[in-house]
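For chain A, the structure is supplied; the task is to place chains B and C on it using the hints.
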Amino acid sequence: MPDAPGLELIAQELGDAHEGSVLGTYHEHGQACLIVDPDQILAVLAWLRDTPGQEYRFLASVHGVDYLPAEPRFGVVYELLNRDRVERVRVRAALDDPGGEELPSLASCVKVFPTADFQEREVYDFFGILFDGHPDLRRILMPEGYVGWPQRRDFPIGGEPVVFTHNERQAPGWSH
Amino acid sequence: MVPLSTGTRTPGARPTGGDVIAGTNAEVIGASPIERTAAGTAFEPEQELMTINMGPHHPATHGVLRLLVSLQGEEVLDLKPIVGYVHTGIEKSCEDQSYWKVIPFVERMDYLSYFFNMQAFCGAVETMLALEIPPRAKYLRTIHLELNRIHSHLVWLGTAALDLGAISMFWYCFRQRDNILDLFEMSAGQRMHTRYFQVGGVFEDIPAGFERKLRSFCEEMPSRVDQFEALLDRNEIFLRRTKGIGIVSRERLLELGVTGPLLRAAGEPWDLRKVHSYLAYPELDFKIPVGTVGDGYDRYRVRMQEIRESVRIIEQCIDGLPEGPWIADDRKVVLPPRHELSTSMEALIHHFKLVTEGFRVPPGEIYYPIESPRGELGAFVLADGSAKPARVHFRDPSFVNLQCLREMCVGGYVADLIQNLAMLDPILGGIDR
Amino acid sequence: MKRDKLRALSPLAEPGSLDHLRVRQLRARDLLRGDLDDGELAEHVEQSILTTTLDNVLNWARSNSMFPLTFGLACCGIEMMSMVSARYDIARFGAEAFRASPRQADFIILSGRVSIKMAPVVRRLYDQMLEPRWAIAMGACSSSGGMFANYAVVQGADKFMPIDIHIPGCPPRPEALLYGFTKLQRMIQGNPDQGWRRRYNAVGTEEWARDDVIAGQPSEASEAAYARARQSVARTAEGTGPDGAGGGEGELRGTGIS
Chain A
1 MPDAPGLELI
11 AQELGDAHEG
21 SVLGTYHEHG
31 QACLIVDPDQ
41 ILAVLAWLRD
51 TPGQEYRFLA
61 SVHGVDYLPA
71 EPRFGVVYEL
81 LNRDRVERVR
91 VRAALDDPGG
101 EELPSLASCV
111 KVFPTADFQE
121 REVYDFFGIL
131 FDGHPDLRRI
141 LMPEGYVGWP
151 QRRDFPIGGE
161 PVVFTHNERQ
171 APGWSH
Chain B
1 MVPLSTGTRT
11 PGARPTGGDV
21 IAGTNAEVIG
31 ASPIERTAAG
41 TAFEPEQELM
51 TINMGPHHPA
61 THGVLRLLVS
71 LQGEEVLDLK
81 PIVGYVHTGI
91 EKSCEDQSYW
101 KVIPFVERMD
111 YLSYFFNMQA
121 FCGAVETMLA
131 LEIPPRAKYL
141 RTIHLELNRI
151 HSHLVWLGTA
161 ALDLGAISMF
171 WYCFRQRDNI
181 LDLFEMSAGQ
191 RMHTRYFQVG
201 GVFEDIPAGF
211 ERKLRSFCEE
221 MPSRVDQFEA
231 LLDRNEIFLR
241 RTKGIGIVSR
251 ERLLELGVTG
261 PLLRAAGEPW
271 DLRKVHSYLA
281 YPELDFKIPV
291 GTVGDGYDRY
301 RVRMQEIRES
311 VRIIEQCIDG
321 LPEGPWIADD
331 RKVVLPPRHE
341 LSTSMEALIH
351 HFKLVTEGFR
361 VPPGEIYYPI
371 ESPRGELGAF
381 VLADGSAKPA
391 RVHFRDPSFV
401 NLQCLREMCV
411 GGYVADLIQN
421 LAMLDPILGG
431 IDR
Chain C
1 MKRDKLRALS
11 PLAEPGSLDH
21 LRVRQLRARD
31 LLRGDLDDGE
41 LAEHVEQSIL
51 TTTLDNVLNW
61 ARSNSMFPLT
71 FGLACCGIEM
81 MSMVSARYDI
91 ARFGAEAFRA
101 SPRQADFIIL
111 SGRVSIKMAP
121 VVRRLYDQML
131 EPRWAIAMGA
141 CSSSGGMFAN
151 YAVVQGADKF
161 MPIDIHIPGC
171 PPRPEALLYG
181 FTKLQRMIQG
191 NPDQGWRRRY
201 NAVGTEEWAR
211 DDVIAGQPSE
221 ASEAAYARAR
231 QSVARTAEGT
241 GPDGAGGGEG
251 ELRGTGIS
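Residue numbers (the working numbering), protein chains in the order written: chain A, 1 to 176; chain B, 1 to 433; chain C, 1 to 258.
The shape of chain A in the complex, shown without the other chains:
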């Protein structure tokens, strides 16, 4: 992993290349994380992939995180890996929740990293984050007509009350 000063260097160079893209950094447990402006995510990812000296060419994972009640609420986290130096860096695109019916949106990085195809669909499926430019953005793990974004923190966990003798006749089932 790039150590803390290395991370600051990356943040600085990235900030020089793309103005205002880096909103913050943090380094803990030996892992480096850049918090970036979601509008410039494609530029950031392309910079990290292509700049000689950075060359984080492998995207290990794209996943969403709901930081409720912290603001900004959503984060789309990209785990990047440089296979030659075996260094990992995490990029978090911090998204706000527009509220109401509107869904937060982010540019899709499928052109930059083709591996993000299924993974962005999963983020859409579970958090309701739209990816502009994704070739096939539809639900992947939930049934097609499902309403709701299950892994948001305010989505109920679901399930049914446990069936005991006193409420077994009320619980729906086949045999009664």
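Any given hint might turn out to be false.
[As the list claims (entries may be wrong)] As a list, the in silico DSBU-like pairs of lysine-lysine whose alpha-carbon atoms are at most 35 Å apart:
id, chain 1, residue 1, chain 2, residue 2
1, B, K80, B, K243
2, B, K332, B, K274
3, A, K111, B, K243
4, B, K274, C, K183
5, B, K80, B, K332
6, B, K274, B, K101
7, B, K388, B, K287
8, B, K101, C, K159
9, B, K332, B, K388
10, B, K353, B, K101
11, A, K111, B, K101
12, C, K183, B, K388
13, B, K332, B, K101
14, B, K213, B, K274
15, A, K111, B, K274
16, B, K287, B, K274
17, B, K332, B, K353
18, B, K80, C, K159
19, B, K274, B, K388
20, B, K287, B, K332
21, C, K183, C, K159
[Said to hold, decoys possible] Facing chain B, a subset of chain A residues (Cβ under 8 Å, in silico):
id, residue
22, F58
23, L59
24, V65
25, D66
26, E79
27, N82
28, F118
29, I157
[Unchecked claim] With the C-beta cut set under 7 Å, the calculated list includes, among others, these residues of chain B facing chain A:
id, residue
30, G84
31, K92
32, L256
33, G364
34, Y367
35, D432
What the hints contain is simulated information worked out from the structure, not anything from laboratory work.
Where is the CB? At the ideal position from N, CA and C, for every residue including glycine.
What follows is chains B and C alone, placed relative to chain A:
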């Protein structure tokens, strides 16, 4: 030219047009593609396109995978995997459990490599707590991880050979698999989903007799692998089915995020046990099998060799197993030993707090990757300072590897599709979580 | 005198007990001697020779040559596969011919968690199976949702299809699955395994047997059955152990644990 029949049959009449029909006794009773070809009025290939649905209930999809396949005759033109049929909401359920209770949940994701799921999660939490696990625990974990790797590859081999028609391999592989499950039962009490790894080490020490049984297993296993290879390695049918089929270039695999034996078969020596070592792997001597072409045969050979290497790793681990505690000492995280509960008040209090509430993890996030039998298995854990994780996400290798199925299959036959799926080794529990 | 002894023994002899075996031995000896008269002869022949109706023969044949549907959903599917393998060998029960097509299968083993996306597929498969058909819910997840009490898992396949046998476990050992399978075989043969209810003389306390139930209140039939069950437990608890020591819980008698 043979006039197409209008429905009246003339029994015994031998049609004279087209070699296909002339050599048979077939009666021309309708306008089938064969007759159309014979009659010279065949449709263009594009008009024979059909889209069929394979699964989710299908004997050859390893689990409940649904494939929408566009076929032109027998050639695959397009392929769309549809997943989610065993989506269990594990990641969401984990947000509701204390860290200790999350372990049985995440075990059941990739249900063939349950120790790996446990290691990814426990390793992540241990890193966040900055908890050092004792050396004996590292070695015990490594032994169980490698046993699980062999187990996973055996099940893969049995079911893949079954798909390709070598049905007897299924029985041989599952017989060996039962030996491994006996070992798991000895150490952890349960065959599958053992909940053996805990945050801080392993749940219990290995019992007396485990070492002897493990050594006899390690002695026997290489000869069994020889027998399996004798059955398949130079079997003409197996070679014809797997050689040169399903090749995707190494660069394309890396673009698609594919890791594990698929990537190694294509020639890339990338294994997290070597480059990003964890547990006891830095101290062990083992090789990483790497293929050349990246076809089905290479994937098979890579996995067979990995079984052998895993046996070597286990032998080294059991030879060098250090003495000492099998779980860390930190009473804020790890349950105190039972004999202390009757003498020490603090132990009782710690036990009570750990069982009822669980330990708290300081706020932070972490991504902890390990090498599972299918590739890079990464656990992302977000802690918010309470006793329950705020987000658990697993980067499952099968989920990402599934993206390369399309590239492997397009342009090949349906039979090759089955073979590619078998060699891809998807586990739907990991894909769907 | 011997015949009186027979008559005295037979009402109390439960099938499978030593008394019952002795009764049958004595009866067989009497048959050979020609000592049995009409009623007893007919009874003896009925019990010892397989004279049955066509239904019984059909059921026996059905239960011993069941075709399962290949249907592995999740982890339990792996244990189901190992039940087919050599060590646990379902072939000895005649059920090794797994059919891929539901039209040809006799019963479906729901091995694994049923997610909400999969439930209509399972229901459609079950509908495509031809009568007579049975369903085994293997494991905790298909019996009741298992450990996954969340939005994605159907809390028991009972919710959308009839299940005949539930097998607990996560995953159940292949032996447990075989035990459940043999229970299904007995069910098909018309000889359902009453299990603990027979052992403790509590037949009639089943939830489904209580037609007139008001939620939370026991019905008359179940009250009577529970009373019978309590009596039989009290009777075994009062009885003295082999060394004359009395009392203690019925199950712990003879174990040396007080």
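To see whether the hints hold, each was checked on the structure:
1. B:K80 to B:K243: With a Cα-Cα distance of about 24 Å, the restraint between K80 (chain B) and K243 (chain B) holds, given a limit of 35 Å.
2. B:K332 to B:K274: With a Cα-Cα distance of about 33 Å, the restraint between K332 (chain B) and K274 (chain B) holds, given a limit of 35 Å.
3. A:K111 to B:K243: holds, 32 Å
4. B:K274 to C:K183: Judged against 35 Å, a Cα distance of about 50 Å means the pair is violated.
5. B:K80 to B:K332: violated, 49 Å
6. B:K274 to B:K101: The hint holds at about 31 Å.
7. B:K388 to B:K287: violated, 39 Å
8. B:K101 to C:K159: Judged against 35 Å, a Cα distance of about 27 Å means the pair holds.
9. B:K332 to B:K388: holds, 15 Å
10. B:K353 to B:K101: Given pair K353 (chain B), K101 (chain B) holds - Cα atoms ~14 Å apart, limit 35 Å.
11. A:K111 to B:K101: Judged against 35 Å, a Cα distance of about 39 Å means the pair is violated.
12. C:K183 to B:K388: The hint is violated at about 41 Å.
13. B:K332 to B:K101: Cα-Cα ~16 Å, so holds.
14. B:K213 to B:K274: holds, 28 Å
15. A:K111 to B:K274: holds, 30 Å
16. B:K287 to B:K274: holds, 9 Å
17. B:K332 to B:K353: OK: K332 (chain B) and K353 (chain B) at ~9 Å, within 35 Å.
18. B:K80 to C:K159: At roughly 31 Å apart (the allowed maximum being 35 Å), K159 (chain C) and K80 (chain B) satisfy the hint.
19. B:K274 to B:K388: The hint holds at about 32 Å.
20. B:K287 to B:K332: With Cα atoms ~39 Å apart, K287 (chain B) and K332 (chain B) exceed 35 Å; violated.
21. C:K183 to C:K159: Within the cut-off at roughly 22 Å; holds.
22. F58: holds, 6 Å
23. L59: Holds, about 6 Å.
24. V65: holds, 5 Å
25. D66: Holds - the Cβ of D66 (chain A) comes within 8 Å of chain B, reaching about 7 Å at its closest.
26. E79: Where the cut-off is 8 Å and the nearest Cβ of chain B is about 5 Å from E79 (chain A), the hint holds.
27. N82: violated, 11 Å
28. F118: holds, 6 Å
29. I157: It holds, given that the least Cβ distance between I157 (chain A) and chain B is near 6 Å, below 8 Å.
30. G84: holds, 4 Å
31. K92: At about 5 Å, which falls below the 7 Å cut-off, the nearest Cβ of chain A leaves the hint on K92 (chain B) intact, so it holds.
32. L256: holds, 5 Å
33. G364: Status holds, d = 5 Å.
34. Y367: holds, 5 Å
35. D432: holds, 6 Å
Violated hints, listed in ascending order, are 4, 5, 7, 11, 12, 20 and 27; each of the other numbered hints is respected by the structure.
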